[in-house]
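Those sequence lines, one after another, are chains E and B. Going by our numbering, 26 is the number at position 26 of the first sequence; the sequence numbering is gapless. Going by our numbering, 85 is the number at position 85 of the second sequence; the sequence numbering is gapless.
Hints in this document: simulated from the structure, not taken from any laboratory. Here the structure is a predicted model, which is why all the values come from computation and not from measurement. By construction, the Cβ of each residue, glycine as well, lies at the ideal position given by its N, Cα and C atoms. Worth double-checking, as some hints may not be accurate.
[As the list claims (entries may be wrong)] Computed, partial: chain B to chain E, Cβ under 10 Å: (1) Tyr101; (2) Arg106; (3) Thr259.
[Said to hold, decoys possible] If we take Cβ atoms under 7 Å as the criterion, some of the chain E residues that face chain B in the derived model are: (4) Asp45; (5) Arg101; (6) Leu102.
[Stated by the list, open to error] FRET-style restraints, in silico, Cβ to Cβ: (7) B:Ala167 / E:Asn99: 24 to 30 Å; (8) B:Ala167 / E:Arg101: 42 to 48 Å; (9) E:Arg101 / B:Leu26: 32 to 38 Å.
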Amino acid sequence: MNEPLARRTGDYPSRAAAPGGQGSSANLADILERVLDKGIVIAGDIQINLLDIELLTIKLRLLVASVDKAKEMGIDWWEHDPSLSSRASEGSHSLAEENKRLRAEIEALREELPAADEEEDAYEEAEYVEGEGGEEYEDEAEPEESRPAPRRTARTSRAGRPAPRSRGRRRDTS
Amino acid sequence: MTETISYAYAVARDDDGTLDRALSGLPGVADASVHLVRAGHRGELVVAVSPVPEQDFQESALRAHLEDLDWLESVARAHHRVIGALAERTTVLPLRLATVYLDDERVRQMLDARQEAFAGRLSDLTAHTEWGVKIYVEAPAATDRPAAPPAAPELSPGRAYLSHRRAQRHAREDAYRDAEEIARRVEDAARHHAVDRVQHRPQQGELARGPGENVINDAYLVPVGHAERFRADVLRAAEGLSGVRVEVTGPWAPYSFATPPETEPTRRAAP
């Protein structure tokens, strides 16, 4: 029925070396983003999956998304989830530790990230004397701060069909 | 002697019974060979499954493994490889990584219980593929600081520096403005071909290192017959403005569209 994807891909000589999604050379970030965060979520028989995949997704976001976004996602979600706190009360020490470790990691990463900008700002302020220039600059340096919080899942950011939007308010369209 | 459990990759339709062949010799997770579990009255609905060592997918082991990016990468690539092989032949609904059942019979039960929903979504997605569109701003980064200010003899070094900085900043502003403009054009171009769109988070972490800053990371669902024009039109929309790069990836199996838009998320639903 369908024409094989391989043949369709073959129509693009410029991409022959890296056939995007299908090739083994596809970008790891693109693959992880899809295999972890997209696709159908069904609880299998190993119940830990949901928890671990959630944790994993968070960790992944530390890798492919910004730390702030991971935090906005609710990095402490498991504390409020009854099904998981019951796990914790079973004496799941490691979860608490994992939690702690993740937090520490995030803190460390957060401190690391702005550091470069602060340094830049100091430099900027010392030499650049146009009133609010430094702040404006800061906005440019971290444009994601001006965006609304990221959506948790693909589903929530799905538009019924492609709709117009601008960069600054792109998440408001659906 | 190692106990194995069943790792499920994707739901697919095997209308002509040839899907087994697509999987033969293809290594799945843990290099195991992949087979099909069937349901539906003609057995046309299948789940691709392979055995994985139980010890690797138990709670504690899995948690430890997930800390290990090499392990994760190999599982993710194997998962993706199997889904890609299926997608070359038929329509697939990818399952999320590490969906694991005690045995194939449990997979069959899951498939039986959900076959109507699966069949419905599969027919929606027939002859469609997913394309990723990412837009990067490649403005001169703030870290270009040490670059020598352009020679401007009438300015003192301090003023020359400031004027250089200002020019640099304006270049960044321009680049973001251009990116916005390109995003609009790309969207207009894509809309002519795509039937659905999902906006992903921009990639900004360690793994996403590439030239420039990713500002748009969308997935489009495109009918197969439109794929070439979709790709060409999207790339053409990016022409003419420098400092902004548009990257199209695909075709992907419809990862971002496997769950229908209307239904509530199934996460945390009982098995």
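Those earlier numbered hints the structure runs against, lowest number first: 5, 6 and 7
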